[in-house]
Amino acid sequence: MTEILRADTLRKSYDGFLAVDGVSFSVREGELKALIGPNGAGKSTCFNMLTGQLKPSSGEVFLRGARITGKRPREIWRLGVGRTFQITGTYASMSVAENVQMALISHHRRLFGFGARAWKLYRAEALDLLRSVALDDQADRPCSVLAYGDLKRLELAIALSHRPRLLLMDEPTAGMAPSARIDMMQLVADVVRDQGLSVLFTEHDMDVVFAHAHHIMVLNRGKLIADGNAEAVRNDPRVQEVYLGGGTLFKEARDA
Amino acid sequence: MAFLFALFLTGLANAAALFLVASGLSLIFGVTRIVNFAHGSFYMLGAFIGVTLMELLPGAVGFWGAILLTGLAVGLIGALVEIVVLRRIYRAPELFQLVATFGVILVIQDLALMIWGAEDRLGPRAPGLRGVWRIFGEPVPKFDIVLIAITPVILLALWYLITRTRLGILVRAATQDREMVGALGVNQAWLFTGVFALGSALAGWGGALQLPKGGANLLMDFNIIGAVFVVVVIGGMGSLPGAFIAAVLISVLNAFGVAFLPESTLVLMFVVMAAVLILRPYGLLGREETAGEHGQVGAPETPIRPYGPRGVALTVALLVLLAALPAFAEPFLLTLVVDITVFALFAASLHFILGTGGMVSFGHAAFFGGGAYAAALLVYHSETPMELAFLCAPLAAGVLALGIGWFCIRLSGVYFAMLTLAFSQLVWSLAFQWRSVTRGDDGLINIWPADWLNAPMPYYYLTLALGVGGILTLRHIIHAPFGYALRAGRDSPRQAEAMGINVGRVQLVAFALAGAMAGLAGGLFVFSKGSVFPTELEITKSFDALIVVFLGGVKTLAGGVVGASFMTSVEHWLTRLEYWRLVLGLVIIAVVILMPEGIVGTLKRLAGRLRPSTEEAPR
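Each protein sequence line maps, in turn, to chains A and B.
So for the first sequence, full-length UniProt numbering puts the first residue at 1; every next one is plus one.
So for the second sequence, full-length UniProt numbering puts the first residue at 1; every next one is plus one.
If we strip away everything but chain B, and leave its shape as in the complex, we get:
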């Protein structure tokens, strides 16, 4: 009993940092509608800056002073990011900003590596709070008790700030209707900057406050971002008390999980989130998101059209070039094209549900990795012939997507995104922790193609045929009645339902189709590399696909393919550099700022400006 209580206290103490970071993310999303992937990076910066300041400042005053200063410093950095990067792209299509925040993640990762080095830092113990207190005979670190006492104070302070001050009124008003707030004469730009700085500062404080328990390392950013999203979503987007309850819930559950069911820890919080979202689609204390509340931003939609003669000619020319490539190109170029094709198909499958269906999935890697693992497991355990195993990749991924989609399509917007993320984490943790079947992070190796394909050139043609075939199939479907029905459900679900369209069923079929195509890409991937590891199922893999879709342009059909080609090529050249993440991050941010409609969208607009009125694409 005493042991259980001690576990409970550990969970409560862990909730402090999590709540701080999550409340920051929630505030930022509520006001600016930016899903800030980089929030974990601010947390990491908080930890590193905190360590440095604590080394400089002596004693108890120095310790707590360092924490305070850290928050201010990270808040300033956040304000800088908002002013330099995000402020320029608020009018871009919805969610486009998350690409920029992804660039910020990369930049901060390498900057932290440059400044603090690759070694983990141990956090200093809090002066005067080094020992333990005995509670019912169990030792509980003194610092934990202090954290437990501090967290409600922080909640109260934030609650006071939001409900009782002028800034709080502005924040709440902007959360409900930011255009109205702008119309009432509030300087939105500075409100957004202020909120972003406050949110970042909270993340920084979170990072500094957990130092005596956890220290600082370069993996902190991605390690916490999943948990933070989970907390915000379980609590309900924009609800501070909700975030508090969820942080406590997750941390306590996690503490018990570590003690009793260690293999569950990776997945426990995602299971809880999935359960909460299925029962309460808008989180514990969240309210229903009213879609389209802020109206259309950016350029008005134009009807999509297949390519005119010029577009077809260009595509054919490109395909002929690719088909002829093995005749003169060096092997590494073939490998690069295979990588690009696989990624392009993966991205195109996400683009299909995201661009055409309006379903933003944060967990698309589940189907890519799922397909790869399905094929690899068959080969590894039962020596299934490659051809058969390969066929199972899209099939298994499609069935998986059908199952996951069945739960997810009831939700929309960010909640949909989060539930897909939760399910993909489930799949990932299966691959990672079910070692007897999947060999965990040792991965499945020696998964090679059948003999007749086991050479660079045959496999190149297989990839080209299936990859290009898959992409063209998806494009064809977009122009087919089904694609139109999917788009109708995105444009106006109410109108679609009122004209006999079963929007949910259409979306589910589309989701399964996209999953199958991602699985096909996964199948191509695993036999080209000869191995598969749990990394192919990670959040970062899902984010990669998301980034290239937005980078290429959500509203253009070629967006996913162009974005994927761009990204794979750039990465291919940059990874030779020591600080390639920094360069890549800056490239992404530059593209985002210079081309707010994505690469294809912006090129199209420029082309349209050069030769007006000719190309409303003939049929």
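So here's chain A without its partners, still in its complex pose:
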């Protein structure tokens, strides 16, 4: 399998504090890869450098071999990279369907359209996307009244709307009930299989991670300490030290 994303010795320092310290890895086509690590390990910082929310202090990011370091989030999105956030950012003043339609309007480059009625554009496509995350029955509800788990699924539908080849999901199941977490990740795994896209995600729930991820990377204090399949990572002594050292078994005390 060919590689779609490669990070090369990414580094981010804040006033001398190295949040991410020389991280290199790659994501291959069709792969579902997890990035795990304790709180403050630098997962979100790492993510934000990949999708342009943060500029790396040094290091490079390549998408299908082309350098994308320092590009803006919207430019990286146009290159076929989807993104969901740890704290959802949907448009509160729009309906569920309109949130997806907004992404479709942007994808079809009709943002500067002054004539059409926006809610009529790409509605069928939007409903299809919502159906794929089982939200179509709530399509016309105001986004502001959705339950948190539904918001997470809406975000997934939005992220899939421009048919990305790579999806980066920052804690896709944070704040969801345990059963909903499994469902959510099953949904993501299905999408990966059906559409052949690659997913990189961070996650705190080890059940979710080990049940679904093809490969797992472990980040600790800004450094990558493991990168391999579930078995290899589980048996890695350094990973065990990070996770078992505190006496917890692959289950973290919750994050903030």
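Simulated from the structure, these hints should not be mistaken for laboratory data.
Check the hints yourself; a few may be wrong.
Straight-line Cα separation of at most 20 Å, SDA-like style, residue types lysine to any residue; simulated pairs [claimed, not checked]:
1. Lys555/B <-> Lys71/A
2. Lys71/A <-> Asn502/B
3. Lys604/B <-> Asn502/B
4. Lys555/B <-> Ala92/A
Covered stretches of chain B (in silico footprint by chain A; criterion: 3 or more residues with CB under 8 Å from a CB of chain A, positions within the stretch not fixed) [what the hints assert, rightly or not]:
5. 54-61
6. 390-403
7. 486-494
Beta carbons: idealized from backbone N, C-alpha and C, even for Gly.
Let chain A serve as the given structure and place chain B on it in line with the hints.
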């Protein structure tokens, strides 16, 4: 050299009052998030109360005692305003409170007129400090030296209060996260009242302390509010040392400006502010505002929809009525409708960027007046045909908005508001001081429409067609992809950028479009009145538009139009009264308290309560 030093000292002395007023505004904003337009009014009250007390109390003890008492009195008045008015509307949409403070301005103006009369009061000289000291041979008033000595003491006292006392800890905590402070068991209501009283007292002290230099008059409130905003913004919202540095900077610059470049004085501070904000977007010592930090207050957002059949029918009926109006109405009513339409278009253009785009502009008059002046200048200087000149009004305003917007859209929130204010002041001072071109405050007169339009009825129809057309165009765009993109950038800039939307570009285009529409309103205005004066570019004009947008309801599409109609009509009837500002101010405050979601928003909610579930507006 000695002269320059003396100028420097004058500037330092002038900084005292400015710093006091600005620190009060900064404190109030930091804790309550209220942009207190009425802060200048407390300053004015301080001056008038100070004069009165100084007349009553004799001698040096009386003088300084009067100043002290003045601050306490104004602080009490501030507390009263907070308890009676503001406390009821903290849960209203953001910035809604500034409408109430605008009402307070009007009330205080007329109350001051009733109590102290229209004449300016000269402040008494400070006992024992009447003469001058010679410094390097230059005379420097003794009182100036005392002021220069007092200001750092005040800064230190405030700094001590904020960093070393329990009240200060609460204030700082509330500035960072007031909900958390509430959750920790602090009685927010009284904290807010206390801070508002303290801020008002500081303004009152500022007003009293400048008496020996300036006296008291009824224009003080608006005259200082611009400078105070500038100081707070240059220093950084919420930063006392920042406010101090900025007050000194502005006052010293102003002193030099008066001496060397008198025609620059009106605009100098706004140029400085624009420069500072472009280089340091959050002021000299300010920190980045984290948007949405306090979460959503008030009712959750609901998706917007065009009118259903009933709404369309009502709109059509209203338009038919307006179109038929000349057949039976008296001329004054036509004039009133023209005024309302012009103002409604102006307000709708502000509502477009404010409500849909989340860009709160404090300087929208620049485009209204800019359009009016563009057309008037063409007619006045080159006898351009009216039709052509009229076309240039929206064009010129749109280009102006494109230029100003290019600088402003990098900022957000209050800083965006202030930079727009700065630019509009620039435009205003151009019109006011470039006399050879604009004739200054004599204005441009004899700007009449072309012959075929130069009668009440044709012009009425022109205004109606273009005004209503403009408003409907804006409404249409709100429902178009562009309007959605604009709203996306308002709701969640991060998400919008992460789905390929160039939020900055969308906002810039929207800003220019709103500017062009305001310019169209300005064009209609100038040919309906036959003249234009710099007042059309003043801060008050921008505030008027802002007030009616909030009054009508930010979150409802009709808000600007309804607010403008309401305001113009009410003003039209009230201005016959002697104390119409008082009544208007009370009306505004009443509307604000009774209808915290704006007129349209509240009516909608009431209507929704009357007939539940039917009207989720069919498409």
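Which numbered hints fail: 1, 3, 5 and 6
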